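Visitor: Okay, here's what each chain looks like letter by letter:
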Amino acid sequence: MKYKSQKVAYWFFALAMLLLALQIVYGFIMGFARVGHDVLHDFIPFNTARAVHTNLLVVWLLTGFMGAAYYIIPEEAEEELVSVKLAYVQLISLAIVGVVAIAGYHFNYWEGRKFLEIPRPLDYLVVINVLLFLGLILATLFKSRKRTTTSLVLTMGLVFAALLYLPGMIWFDNQSVDAFFRWWVVHLWVEGVWELILGGILSFLLIKLTGVDREVIEKWLYVIVGLTFISGILGTGHHYYFIGTGKTWLIIGGIFSALEPLAFLGMVLFAVAMYRKGEKKHPNKLALSWTIGTAIVAFVGAGLLGFAHTLPQVNLYTHGTLVTAMHGHLAFWGAYAMIVLAFISYAMPNLTGRKLYETSRGSYAFWLSNIGMLGMTAAFGVAGVAQVYLERKMGMDFGDVQNEIKVHFVVLILCATMFATGITLYILEFIRYGRPTDEALEVPPQRAAIS
Amino acid sequence: MLTKSSARIFFLGGTIVTFVIFIGLSWHTLSRDVPQKTHEENITPAVIAGKHLWENNNCMGCHTIMGEGGYYAPELTKVVERRGEAYIKAVLSSKTPWQPRGRKMVAYGFNEKETQDLIAFLKWVGETDLNGFPPKPKYKSTLNTK
Ligand code: HEM
Ligand code: HEM
Ligand SMILES: [Fe+2]
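Just so you know, the protein sequences line up as chains U and L, in that order.
Going by this note's numbering, the first sequence opens with residue 912, and the numbers climb by one from there.
Going by this note's numbering, the second sequence opens with residue 647, and the numbers climb by one from there.
One or more hints might be untrue.
[Said to hold, decoys possible] In silico EDC-like links for lysine to aspartate or glutamate, alpha-carbon gap of 20 Å or less:
hint	chain 1	residue 1	chain 2	residue 2
1	L	Lys-786	U	Asp-1308
2	L	Lys-782	U	Asp-1311
3	U	Lys-1158	L	Glu-758
4	U	Lys-1158	L	Glu-686
5	U	Lys-1158	L	Asp-679
6	L	Lys-683	U	Asp-1084
7	L	Lys-784	U	Asp-1311
8	L	Lys-650	U	Glu-1350
9	L	Lys-769	U	Asp-953
10	U	Lys-1191	U	Glu-1353
11	L	Lys-759	L	Asp-679
12	L	Lys-759	L	Asp-775
13	L	Lys-769	L	Glu-686
14	L	Lys-683	U	Asp-1089
15	L	Lys-750	U	Asp-1124
16	U	Lys-1304	L	Glu-727
17	U	Lys-1304	U	Glu-1315
18	L	Lys-741	U	Asp-953
19	L	Lys-750	U	Asp-1089
20	L	Lys-784	U	Asp-1308
21	L	Lys-786	U	Glu-1022
22	U	Lys-1158	L	Glu-773
23	L	Lys-786	U	Asp-1089
24	L	Lys-741	L	Asp-679
25	L	Lys-750	U	Glu-989
26	L	Lys-782	U	Asp-953
27	L	Lys-650	U	Glu-1129
28	L	Lys-724	U	Glu-1353
29	L	Lys-759	U	Asp-953
30	L	Lys-650	U	Glu-1353
FYI, nobody ran anything at the bench for these hints, they're computed from the structure.
Model, not experiment: these values are computed from the prediction.
Using the sequences and the accompanying hints, generate a full structural model.
Guide: Quick look at the structure:
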């Protein structure tokens, strides 16, 4: 750590860990409901559990991104954050809005649009909160004369993510139009601007961990985010096949979304090439595993499994089935959950001064969570493919099909247990690091060394 | 070899071009295709009231509609055609969790008007042109009993 204000990142990470743990609890509630143990139905029906599960996911990821930004921006801009106090205000208000929203879902207080369940009045608070966050980041950048590509790409991602939240707040009488704009948020986030955030963080980590020249890394960063937008913007069309829109989208969406995996392929090649090329290897091996792991699992989960159902001929049958859940889990895990965990693994030793670089608990956390998530993906996948054939091809009734595929959810729960064990170890390791301290500040002469 | 500034031009240029095309296509879709394919003239106050109920109760957290939503409960785009209005009325007005096939729905116990509004909404959805979704099964399964 080079700047005192970077310490604020720690508290964002701590909140992210807490929300991740809660997200998993709600995942289990749904898993058990699906094998017939819907015991909490009267208090937490499936739709509540689902809204909480997915919203907690989005909120802990955003919290992680914010923490990462508060760490990265001062270091890249070579300037303290303009106001640490306001950053704490932002964190606390974010936590409060989040808790109120999540609590509301238990009392039928929501908007009922998948992923965007937060009710309107709270939306405005989210907007204010995000404006405060962006204000702090932008003011810090403007104060400094140093603007690196990495910090610009990261900031651009954050600004666009905020802008794209707005179309999701408009009400339409027509369900098709509602769905149309819902994707401006959901799709253009995960297959657009969030990839900028991902790319920015990845590039920062690779610069720090591999010691490869910044110019080389940032050039490839541009190529990757270029590929992302060129394929991803028109790729939104893969959600416009069957929602009351024209047939043009079948062609446009099909072609451009089929190109989307290229950006993720680019990321793997880039990360692995930089890893091979790097000479001054950083001793933080765990952070490196998570970083390279992010690129690989994102490619599999988003790139390959996304491609598997993106062509209209396939999507006609898989649309809105458990095949989508299979892809959703591995894509979110690989691309966004892992990058946040990678960043936390990198930042914690620097924030706290405790160099727990290669602990066995840390590597168990990595392997158990990843293997567990792969198993969960397989369970969802097998259930999804069976569902597609039985329900969509054979014409069996939905409920009968679900009873047939129940067994795969037993497998899901077993794998989820392994996954949750890995996450528990990760969180224990996080706790073991303790609090950030000014003693962990690097003194200027050491700045030349890689940190 | 590719330079950093040409990489930047690739990024900015590509983004602007695809973005402009995207906005153009979206405009066309929303102004021409959607009103036609969804029979916008049929969106009556009852349909709108039904949509409000649909959203305020987050039915999408369990069910899919137009293939979007949760995967826990039946896809409802063609439910009026599949089950008929009387069946749906029984589901929506039930005072105990509806669960003939084992999984529980929330017991909403909707009144007559609410039920009619929701049915109007589901009926309207069922009549939209979704480019062939949901697909017609290849076979008519014998298991399709209830
Ligand atoms: C990190 C990036 C990605 C994440 C986090 C992600 C996540 C998701 C999620 C959560 C959904 C369900 C959305 C909903 O129904 O509301 C979804 C749907 C979908 N994704 Fe992705 N995705 C990513 C990248 C991709 C890519 C690169 C492709 C294509 C190559 C793709 C293809 C699809 C398709 C076709 C659907 C629609 C499924 C359906 O019809 O039900 N995704 N994705
Ligand atoms: C203990 C672990 C977990 C379990 C048991 C679990 C289970 C589930 C279940 C049953 C659903 C609902 C599917 C449906 O509608 O029927 C779901 C949705 C979802 N979960 Fe998880 N989950 C777990 C962890 C995670 C993690 C770690 C992530 C992200 C990295 C995640 C991301 C999602 C997403 C994005 C959806 C929405 C999918 C869609 O709409 O297509 N889950 N989860
Ligand atoms: Fe998408």
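Visitor: Each hint: holds or not?
Guide: Verification of the hints:
no., hint, verdict
1, Lys-786/L x Asp-1308/U, "10 Å, holds"
2, Lys-782/L x Asp-1311/U, "18 Å, holds"
3, Lys-1158/U x Glu-758/L, "38 Å, violated"
4, Lys-1158/U x Glu-686/L, "18 Å, holds"
5, Lys-1158/U x Asp-679/L, "9 Å, holds"
6, Lys-683/L x Asp-1084/U, "15 Å, holds"
7, Lys-784/L x Asp-1311/U, "17 Å, holds"
8, Lys-650/L x Glu-1350/U, "38 Å, violated"
9, Lys-769/L x Asp-953/U, "29 Å, violated"
10, Lys-1191/U x Glu-1353/U, "18 Å, holds"
11, Lys-759/L x Asp-679/L, "31 Å, violated"
12, Lys-759/L x Asp-775/L, "27 Å, violated"
13, Lys-769/L x Glu-686/L, "13 Å, holds"
14, Lys-683/L x Asp-1089/U, "15 Å, holds"
15, Lys-750/L x Asp-1124/U, "58 Å, violated"
16, Lys-1304/U x Glu-727/L, "18 Å, holds"
17, Lys-1304/U x Glu-1315/U, "15 Å, holds"
18, Lys-741/L x Asp-953/U, "13 Å, holds"
19, Lys-750/L x Asp-1089/U, "27 Å, violated"
20, Lys-784/L x Asp-1308/U, "14 Å, holds"
21, Lys-786/L x Glu-1022/U, "37 Å, violated"
22, Lys-1158/U x Glu-773/L, "17 Å, holds"
23, Lys-786/L x Asp-1089/U, "33 Å, violated"
24, Lys-741/L x Asp-679/L, "40 Å, violated"
25, Lys-750/L x Glu-989/U, "57 Å, violated"
26, Lys-782/L x Asp-953/U, "36 Å, violated"
27, Lys-650/L x Glu-1129/U, "7 Å, holds"
28, Lys-724/L x Glu-1353/U, "64 Å, violated"
29, Lys-759/L x Asp-953/U, "25 Å, violated"
30, Lys-650/L x Glu-1353/U, "31 Å, violated"
Of the numbered hints stated above, those contradicted by the structure are hints 3, 8, 9, 11, 12, 15, 19, 21, 23, 24, 25, 26, 28, 29, 30, listed in ascending order.
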